[in-house]
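A.B. asks: Chains as they are written, first to last, in our numbering: chain A, 1 to 180; chain B, 181 to 279.
Hints are not guaranteed to be accurate.
[To be verified] Facing chain A, from chain B, some residues (calculated, C-beta under 10 Å):
1) D182
2) L187
3) R204
4) R205
5) A220
6) N222
7) R230
8) M231
9) G233
10) F240
11) A249
12) M262
13) Y263
14) I269
I should point out that these hints are in silico values taken from the structure, not numbers from a laboratory.
Small disclaimer: the values here were computed from a predicted structure and weren't measured.
Where a beta carbon is used, it is the ideal one built from N, C-alpha and C, also for glycine.
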Amino acid sequence: MWFEQVIFFLAAIGALAGALGVVILRNPFYSVLALVGHLVALAVLFLLLHAEFLAAGQVVVYAGAVMVLYIFVVAYIGGSDEPLRPEGGALAVFGPLFAAAIGIELCIAFIASGLDALDTTGADVGPGFGTPEAIGQLLLTRFLVPFEAASYLLLVAAVGAVVLARRRRGLEGTEPEILA
Amino acid sequence: MDITWYLVLSAFIFVIGAAGVMSRRNPLVVLLCLELMLNAGNLALIAFSRMHGGEAGQVFALIVMVIAACEVVIGLGIIVAMYRRRLPIDVDEMSELRG
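Construct all of the structure, not just a fragment, from the sequences and the given hints.
C.D. replies: The structure is reproduced here in C-alpha cells:
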C-alpha cells in the first residue's frame with residue numbers, strides 16, 4: 001500500500017508544479033512545456049485510478065498531439081514574453097483571491113461531504129476495469145450517440161479552424177503575399 | 181489512497197487554472213489554463229468513476245478530452261487570425277467581439 005501512496009504523492013506534486021508553472025512562467029513556450037509535464041503526471045494518477053485507456057489517451061493525444069499544436073502556434077506568433085504594459089489592474093489582484101475562495105469552498109465541500117464512499121479507496125473492481133476493451137464496448141453500445149456526436153464535433157471544429165485561420169483576400173490589407 | 185485525496189488535488193488544479201484564466205493576458209496562456217481546469221474536471225470524473233466502480237465516468241472524461249481538443253483548435257485558429265491581422269495578442273485589447 002505504501003508504494004501506491006508514494007507514487008500518488010510524487011505524481012500529485014508533479015501535477016501541481018506543472019499547473020503552477022503554466023500560470024507563473026512568463027514565456028508561453030515554457031508554459032506549454034510545463035503543461036506537458038502536468039499532463040504526464042496526471043496520466044500517472046489516471047493509472048492509479050485504474051483508467052489505463054484514458055492514461056494512454058492522455059499521453060498520446062494530449063501530451064503528444066495537442067501540445068505539438070500549441071508549440072506550432074507559439075513558434076508561429078513568436079512567443080513573445082508577456083508584459084507589454086505592467087501587470088496590474090483589479091483583476092490581477094482579485095482573480096487569485098477569488099480563485100482561492102473557490103478552492104477553500106471546494107475543499108470544505110469534499111471534506112465535510114456526507115458521502116461515506118469518499119473515504120474509501122473505491123469499489124471493488126475486476127481486472128478488466130478501464131481497459132480499452134471495456135471502454136470501447138461502452139462507447140459502441142451504451143454511449144454510441146455521444147460518441148458519434150463527439151466525432152462530428154471534432155469535424156466541425158477542424159473545419160471551423162480552417163475557416164478562421166485562412167487568409168482572407170478582401171480584409172487582409174494590401175500586402176497579403178508578404179506573409180506567405 | 182482515499183478518493184478524497186484525488187478530489188482535493190483536482191480542486192487545487194482547478195483553482196490554479198481559474199487563477200490563471202483570470203489574471204493572465206496572453207490568450208495562449210489563457211487557453212492553457214482552460215486546459216488545466218478541464219483536466220481537473222477529468223481527474224474528478226475518473227476518481228468518482230473509481231469510487232462508483234463503473235466506467236461511465238471514464239467515458240465522460242474521454243468526451244471532455246474531445247471537447248478540450250475542439251476548444252484548443254478553435255482558440256488557436258482565433259489566435260492565428262489575430263496575428264494575421266496584426267492585432268495585439270492580448271485578451272484585454274480584444275474587448276469587442278467584432279470581426
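A.B. asks: Any of the earlier hints contradicted here, and which numbers?
C.D. replies: none
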